Amino acid sequence: MSPLQLALQFALLAFSLIGLSLLLWRGRTWDRAAAGVVLMALTLSYAIDNTGQDGFEFGVILIDAAAFIALWLIAERAGRWWIVMTAALHLVSSLVYVAPFLTSTSLAWAAMTLIWVLWLLTSLTFFFGVWEIEAARRFAFGGRYGSTLDDGGGPRAAPSME
Amino acid sequence: MTIVSAIDKLTPREREILLLVAERLGDKEIAQQLNLSPRTVQNHLHRAYEKLGVSDRQQAARLLSNSYSGQSSPLSPAPLLPSEQGVLAGSDRVEDGKTPWPVPFYGGYLRLGRWRRPRRIGGSVLLLILGGALAWILLAAAAVSLIPPVLEMIQGLR
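So the protein sequences, as listed, match chains A and B.
Sequential numbering from 1 applies to the first sequence in the numbering used here.
Sequential numbering from 163 applies to the second sequence in the numbering used here.
Just to be clear, a hint being listed does not mean it is correct.
What the hints assert, rightly or not - Covered by chain A, according to a simulated footprint, are these stretches of chain B (three or more residues, beta-carbon under 8 Å):
1) 214 to 220
2) 285 to 295
What the hints assert, rightly or not - Facing chain A, from chain B, some residues (calculated, C-beta under 10 Å):
3) 196
4) 266
5) 305
Keep in mind the hints are simulated off the structure, nothing from the lab.
Values in this document were obtained by computation on a predicted structure and should not be read as measured data.
All C-beta atoms, glycine included, are put in the ideal place defined by N, C-alpha and C.
Bound conformation, chain A alone (with noise of 0.2 Å):
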């Protein structure tokens, strides 16, 4: 891996931590649970992938359905887009090492770029996660808290319901 490979990895990696963090700190319970899951995927991954062992992509495979499948679970409870936002891109991510097309030499790096890319997006979807968490926080205090540049925060900017 080259030196701008590995610098591009680390920021990335920070970037889904600090996604991560917020979430488990700003979260209820399911989200919690979810970044959790989302959390020990990554360090599961990157576990098995600095073992080195040969056919340690079966190994990631495993571990990202798992996290699917426990991501979908609590999105069946949570009621929270980001989580089913976070399992749709989990479940795209596993397909991607079976895709017999990608996983071909001539599209290897294809493959890579894509895992990156959908990496990046699933941080993205924290930081939306983090949005949503704090919007339907408000929400549930009758839109009193939290001034906003859209409708100013106060009373007025409770939802309306006629």
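Given chain A's structure and the hints, the job is docking chain B onto it.
Here is chain B on its own, set in the frame of chain A:
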């Protein structure tokens, strides 16, 4: 007791349920969205009726709606009572005592209506997940299929 002071006595969860009532959601739908039992939703609603001095859901929702849309004096920010910070009913924690952060595009969130939370299709969100995954796969396939012609074009320009 004024309307404002009555509404300030509502817990965040009671307000949340009343807002969903105002969106014409039934008890079962509200329970599904908030991951509560229908019985817990009914308990919250009855407690809200008592606090607002009304007898049914329409009156309660209308009262809350009027307080938000027609008040001349702003509602004072309701500090969380200790009782509101913990368990209100059943085993569900209503709020965790965190004050919401400023939320950009909150208006957009409100405009989502019932889609603020993922809707269950056939009793599950699996179809939404699969649909999302399919959309990403199609996008990725389109991107991958575009790569060779783009590379050829770049080489042609050189």
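Broken hints, by number: Of the numbered hints given earlier, the structure breaks just one, which is hint 1.
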